[in-house]
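Novice: So the chains spell out like this:
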Amino acid sequence: MKVTYSWLKNFVDLKISPQALAEKLTMAGLEVVSFEQSGEDSVFEIEITSNRPDWLSVLGVAREVSAICGLKLKKPKFKETKIKAKDLLPLKILISDKRDCPFYSGRVIYDVKVGPSPDWLKKRLESLGCRSVNNIVDITNFVLFETGQPLHAFDLDTLSQKVINVRRAGKDDKIVMIDGQQKVLNSEVLVIADADKPVAIAGIMGGQATEVTFKTRNLLLESAVFSSILVRRAKQKLGLQSESAYRFERGVDFETAKTASIAAQELILKLAGGRPRTYKSIGTAKPVNPLINLELTYVNKILGVAIPSVKIKQILSRLGLEVKTKTKNILSVKIPGFRQDLRLPIDLVEEIARIYGYAKIPKTIPAIRPAANITDKEDIAAGIKNILSGLGLYEVITYSLVDRHLLIKLGINTDKNLIEILNPKSCEQEVLRSTLLPSLIRCIAYNLDQQQENIKIFETANVFSAEAGSTREEPYLGIALCGVNSFLIEKGMVKDEVNLLHLKGVLEIILNRLGVKGFDFVRQDEYRINIVIGREESGFMLDLSRQALDAFDIKNRRVVLAELNLKKLFSHINLGKKFVSIPKFPAIARDISFVINNEISVKELLLAIKERGAPLLRHVKVADYYQGKQIPQGSKGLTLSCIYRLDERTLTEEEINSLHNEVCSLLEERFGVKLR
Amino acid sequence: MDIKLIQAQIENDLAAVTSLQALEEVRIKYLGRKGLLAELTGSISGLALEQRGAFGKEVNVLKNKLLSLIEEKGKFLKKSGSVEKKENLDVGLPGIAQELGGLHPITQVINEICAIFTRMGFSVVQGPEIETEYNNFTGLNIPLEHPSRDAFDTFYLKNYPKLLLRSHTSPVQVRAMKAHQPPLAIVVPGRVYRPDAVDASHLFMFHQVEGFLVDENVKFSDLKGILELFAKSVFGQDIKMRFRPHFFPFTEPSAEVDISCIICKGSGCSVCGRKGWLEILGAGLIHPDVFKQVGYDSKKYTGFAFGMGIERIAMLKYGINDIRLFFENDLRFLKQF
Numbered sequence: 002m003k004v005t006y007s008w009l010k011n012f013v014d015l016k017i018s019p020q021a022l023a024e025k026l027t028m029a030g031l032e033v034v035s036f037e038q039s040g041e042d043s044v045f046e047i048e049i050t051s052n053r054p055d056w057l058s059v060l061g062v063a064r065e066v067s068a069i070c071g072l073k074l075k076k077p078k079f080k081e082t083k084i085k086a087k088d089l090l091p092l093k094i095l096i097s098d099k100r101d102c103p104f105y106s107g108r109v110i111y112d113v114k115v116g117p118s119p120d121w122l123k124k125r126l127e128s129l130g131c132r133s134v135n136n137i138v139d140i141t142n143f144v145l146f147e148t149g150q151p152l153h154a155f156d157l158d159t160l161s162q163k164v165i166n167v168r169r170a171g172k173d174d175k176i177v178m179i180d181g182q183q184k185v186l187n188s189e190v191l192v193i194a195d196a197d198k199p200v201a202i203a204g205i206m207g208g209q210a211t212e213v214t215f216k217t218r219n220l221l222l223e224s225a226v227f228s229s230i231l232v233r234r235a236k237q238k239l240g241l242q243s244e245s246a247y248r249f250e251r252g253v254d255f256e257t258a259k260t261a262s263i264a265a266q267e268l269i270l271k272l273a274g275g276r277p278r279t280y281k282s283i284g285t286a287k288p289v290n291p292l293i294n295l296e297l298t299y300v301n302k303i304l305g306v307a308i309p310s311v312k313i314k315q316i317l318s319r320l321g322l323e324v325k326t327k328t329k330n331i332l333s334v335k336i337p338g339f340r341q342d343l344r345l346p347i348d349l350v351e352e353i354a355r356i357y358g359y360a361k362i363p364k365t366i367p368a369i370r371p372a373a374n375i376t377d378k379e380d381i382a383a384g385i386k387n388i389l390s391g392l393g394l395y396e397v398i399t400y401s402l403v404d405r406h407l408l409i410k411l412g413i414n415t416d417k418n419l420i421e422i423l424n425p426k427s428c429e430q431e432v433l434r435s436t437l438l439p440s441l442i443r444c445i446a447y448n449l450d451q452q453q454e455n456i457k458i459f460e461t462a463n464v465f466s467a468e469a470g471s472t473r474e475e476p477y478l479g480i481a482l483c484g485v486n487s488f489l490i491e492k493g494m495v496k497d498e499v500n501l502l503h504l505k506g507v508l509e510i511i512l513n514r515l516g517v518k519g520f521d522f523v524r525q526d527e528y529r530i531n532i533v534i535g536r537e538e539s540g541f542m543l544d545l546s547r548q549a550l551d552a553f554d555i556k557n558r559r560v561v562l563a564e565l566n567l568k569k570l571f572s573h574i575n576l577g578k579k580f581v582s583i584p585k586f587p588a589i590a591r592d593i594s595f596v597i598n599n600e601i602s603v604k605e606l607l608l609a610i611k612e613r614g615a616p617l618l619r620h621v622k623v624a625d626y627y628q629g630k631q632i633p634q635g636s637k638g639l640t641l642s643c644i645y646r647l648d649e650r651t652l653t654e655e656e657i658n659s660l661h662n663e664v665c666s667l668l669e670e671r672f673g674v675k676l677r
Numbered sequence: 157m158d159i160k161l162i163q164a165q166i167e168n169d170l171a172a173v174t175s176l177q178a179l180e181e182v183r184i185k186y187l188g189r190k191g192l193l194a195e196l197t198g199s200i201s202g203l204a205l206e207q208r209g210a211f212g213k214e215v216n217v218l219k220n221k222l223l224s225l226i227e228e229k230g231k232f233l234k235k236s237g238s239v240e241k242k243e244n245l246d247v248g249l250p251g252i253a254q255e256l257g258g259l260h261p262i263t264q265v266i267n268e269i270c271a272i273f274t275r276m277g278f279s280v281v282q283g284p285e286i287e288t289e290y291n292n293f294t295g296l297n298i299p300l301e302h303p304s305r306d307a308f309d310t311f312y313l314k315n316y317p318k319l320l321l322r323s324h325t326s327p328v329q330v331r332a333m334k335a336h337q338p339p340l341a342i343v344v345p346g347r348v349y350r351p352d353a354v355d356a357s358h359l360f361m362f363h364q365v366e367g368f369l370v371d372e373n374v375k376f377s378d379l380k381g382i383l384e385l386f387a388k389s390v391f392g393q394d395i396k397m398r399f400r401p402h403f404f405p406f407t408e409p410s411a412e413v414d415i416s417c418i419i420c421k422g423s424g425c426s427v428c429g430r431k432g433w434l435e436i437l438g439a440g441l442i443h444p445d446v447f448k449q450v451g452y453d454s455k456k457y458t459g460f461a462f463g464m465g466i467e468r469i470a471m472l473k474y475g476i477n478d479i480r481l482f483f484e485n486d487l488r489f490l491k492q493f
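First to last, the protein sequences are chains A and B.
Okay, so the first sequence: first residue is 2 according to the numbering used here, each after it adds one.
Okay, so the second sequence: first residue is 157 according to the numbering used here, each after it adds one.
Treat the hints with care, as some may be off.
Below, simulated DSS-like cross-link-like pairs (lysine-lysine); rule was C-alpha separation at most 25 Å, straight line [unchecked claim]:
id, chain 1, residue 1, chain 2, residue 2
1, B, K318, A, K238
2, A, K410, B, K314
3, B, K491, A, K496
4, A, K329, B, K456
5, A, K302, A, K325
6, B, K421, A, K364
7, A, K361, B, K431
8, A, K114, A, K271
9, A, K361, B, K396
10, B, K431, A, K3
11, A, K25, B, K396
12, B, K455, A, K335
Covered stretches of chain B (chain A as the covering partner; in silico rule of three or more C-beta atoms under 8 Å from a C-beta of chain A) [claimed, not checked]:
id, region
13, 247–259
14, 279–292
15, 313–325
16, 330–343
17, 361–375
18, 404–411
19, 476–484
If you are wondering where the hints come from, they were derived from the structure by calculation, not from laboratory data.
Remember, predicted model here, so these are calculated numbers, not experimental data.
Backbone N, C-alpha and C define an ideal beta-carbon position, used for all residues, glycine too.
All chains, please: the whole structure from these sequences, using the hints.
Specialist: Structure (structure tokens):
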């Protein structure tokens, strides 16, 4: 909202510079967001918080200035003009529901001379960015800016039967607004109607047909209080915005509604002449002036500062509140109608703190008593993130809301189980994602476009799905690897394109580190390998198909992905550690090299060997693995290192040899391998 | 042969050794297949039967002695660096190590902020991103049809009339207070959502950290003290801080908190819009109406709450000028943190 320095000076004897005033206003909660020198005057643009409709007027800001600067507020005085008995004209005002319109007043003035406004009035309005229309409209705007009460002037002679009916619009009611737009109304909208039709949308905007023009002779001046919720709804529904609606939806003051009407009439008679013929009001301004008992000790306890009671009383009175001392410690504070935001003692504490100055309140450090029995899983997720970044992966953060087509690219069924957004601003905000993977693939594609090689990324985030009348929201870990790992070892540079084993290695490190027992990787099909934890499918690895890569515009690259349900993972975590004695006697290793059919998985082989060699065979390591020239098609070459050990003593050669022979013959007999 | 003489000779030879190679020569001379000790052992068979045992023992003692002397000398030589030269490694080559990845800058800032508060005794708690209208609004004293809702434009879910995507982390206040009795000292990091069109300073998803303390005798001055401690930890000891009165439905009194511009140190620049101040968070004492909603006795307990946007803090901290960079996840961006 805009306000000018000179207009404020009408109500407060300002001695400080506009700059200094801007600073003081900001520090009292009326944030001056811009400040402009305009000729002799200065214009402040103030951001007004939604709890303070009283600040939406020059008078309201002036009241604040008087409190901040400790100056007297020069309240304007208005005098009601007596209507001569012979002039009195009947006026019919109907209100169909008092809840919609608790107060309505109409003032009829005859024989006004509509014309241009005098320069001082034009200038005043223009300084606030308001265009001059004619003297009558300008006066209503002037009073609105000065007092905060929106007014509306009708051309009385255009009102059918000169009746005012405040009612809900009918189903097919239409109205052409003063800006020329036609609006179709419904029963949600409160209108001012004459005997036949709506002539204005209550509290928002008047109609074209009844507006005051240079031809107007007789006026009806409206000053009313409308339901703020109705004004807000109608404004949103009809897409209308006005200075009037801005104030009504925040709430106006009954008392001001009366005084503003008097002020406007006074100005009209002065600038446009005319004869007042009627003043009629319906609804009594309900006296909402509540009393709040404020304990002075409470003020100081809450703020952590000792403000003298004299100072407190002075602050509250300058703000226009009526303060009475009840006891030494208790003030009784009467709240005026324009401060409906003040309901509780704490509200008064804020007023005192604001004007006293937040800056003058000291800084203290409280003794913090931590909350008992609050734990959560965040530490574990943080631990996983640290492991992954230690393994060379970068964390990414992608949007939880996605375009449904992003999911379709990965072949995800988007017809069911997806949670859709009711009010997206764009298609990228259409649905809540049910998997992290499409976003990660998009991230890989983006980085490939930026000529990045070797993209290893992960994200932890919640994913969402619709489930029989409720929603499911669970934390997931997504990993995506793409590119060639090239690294230097002592003998030279090694290059290695990522594949599912790199991904499996990463997952194994996480699972082992978290003490997860009994996990397994089970191939489902050509592309997908399920991650099973404690017999429960908890995630999967994916070797992205050509088709999917094409959908994401990824060329000549392999992308491997994993997704893991962290909720399921968390239920299998075992972080308890137990020390096992370090072996006293040495272990002895025996290697076996052989070629084996690809059909037989290493997992199967290791299990069988371990079973046969138990308990002396402690561990079997894959020491080498190769496929290539020297190995027949459909086979792989393997070197396994078997580690034998006994806790009690050193094993003899004979013991190891005989057991190792058994292991070798198992390989030959059961798996038909040829030992080398 | 006199064993003692041989021992003296050995000690002489070893004393003259200055390299591992020379040591190896000594070893071969005495312990090699054709060495002196092999010769001695071979001579046993030529001795009288009764002498053989004693002589054999002496030879063995000598052999063991020699072995330990050679080992000792070897260790000494290695330690004193008189080791022979290895191949000439170019240390100008890059070092060899597993490449390190990294955490997203937003995570790093969240971690830093949470760490500051956990050191003070706060616990980290999280809440769901799909929230009820009650927790997001009503429980926080935000009336449904009021202009104060305008600041919290919100995504609603189709087919779930009372559910929405939380537009701030404050609903976790309601959840935590309903689940626990004071004292409470909690920080809440997380994703929040608002239907905005994306540009250099707006996103429809971003991160907040919320914090609140509830106990007996929590004062406005405590809020100032804690937040100053926090801001100085994040932005440096030299910054100035100011509290401006503001309005939030769930706190009273409420404040917006500014720090002196970290770019221009308060003289006014484009980052701070020539104001010299940067708004970094909103805060206040928890409104008695919120306590009423969660069933706390506002006569007994008071509390403060604060909330901040992490992207904004990260942008200021790292000098990032476009908020979209955070979720583009360009590796050239991510690798800088």
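Novice: Hints first: check each against the structure and report whether it holds.
Specialist: Evaluated hints:
1. B:K318 with A:K238: Roughly 21 Å between the alpha carbons, so the hint for B:K318 and A:K238 holds.
2. A:K410 with B:K314: 23 Å, holds
3. B:K491 with A:K496: OK: B:K491 and A:K496 at ~21 Å, within 25 Å.
4. A:K329 with B:K456: 23 Å, holds
5. A:K302 with A:K325: Roughly 21 Å separates the two Cα atoms, so the pair holds.
6. B:K421 with A:K364: Cα-Cα ~22 Å, so holds.
7. A:K361 with B:K431: 21 Å, holds
8. A:K114 with A:K271: 11 Å, holds
9. A:K361 with B:K396: 14 Å, holds
10. B:K431 with A:K3: Holds, at about 19 Å.
11. A:K25 with B:K396: 18 Å, holds
12. B:K455 with A:K335: 22 Å, holds
13. 247–259: Answer holds; 9 residues pass the 8 Å Cβ test.
14. 279–292: Held - the region 279–292 of chain B has 7 residues with a Cβ nearer than 8 Å to chain A, which meets the minimum of three.
15. 313–325: holds (count 6)
16. 330–343: This one holds; 6 residues, not fewer than the three required, reach chain A with a Cβ under 8 Å.
17. 361–375: holds (count 6)
18. 404–411: Held - the region 404–411 of chain B has 5 residues with a Cβ nearer than 8 Å to chain A, which meets the minimum of three.
19. 476–484: holds (count 3)
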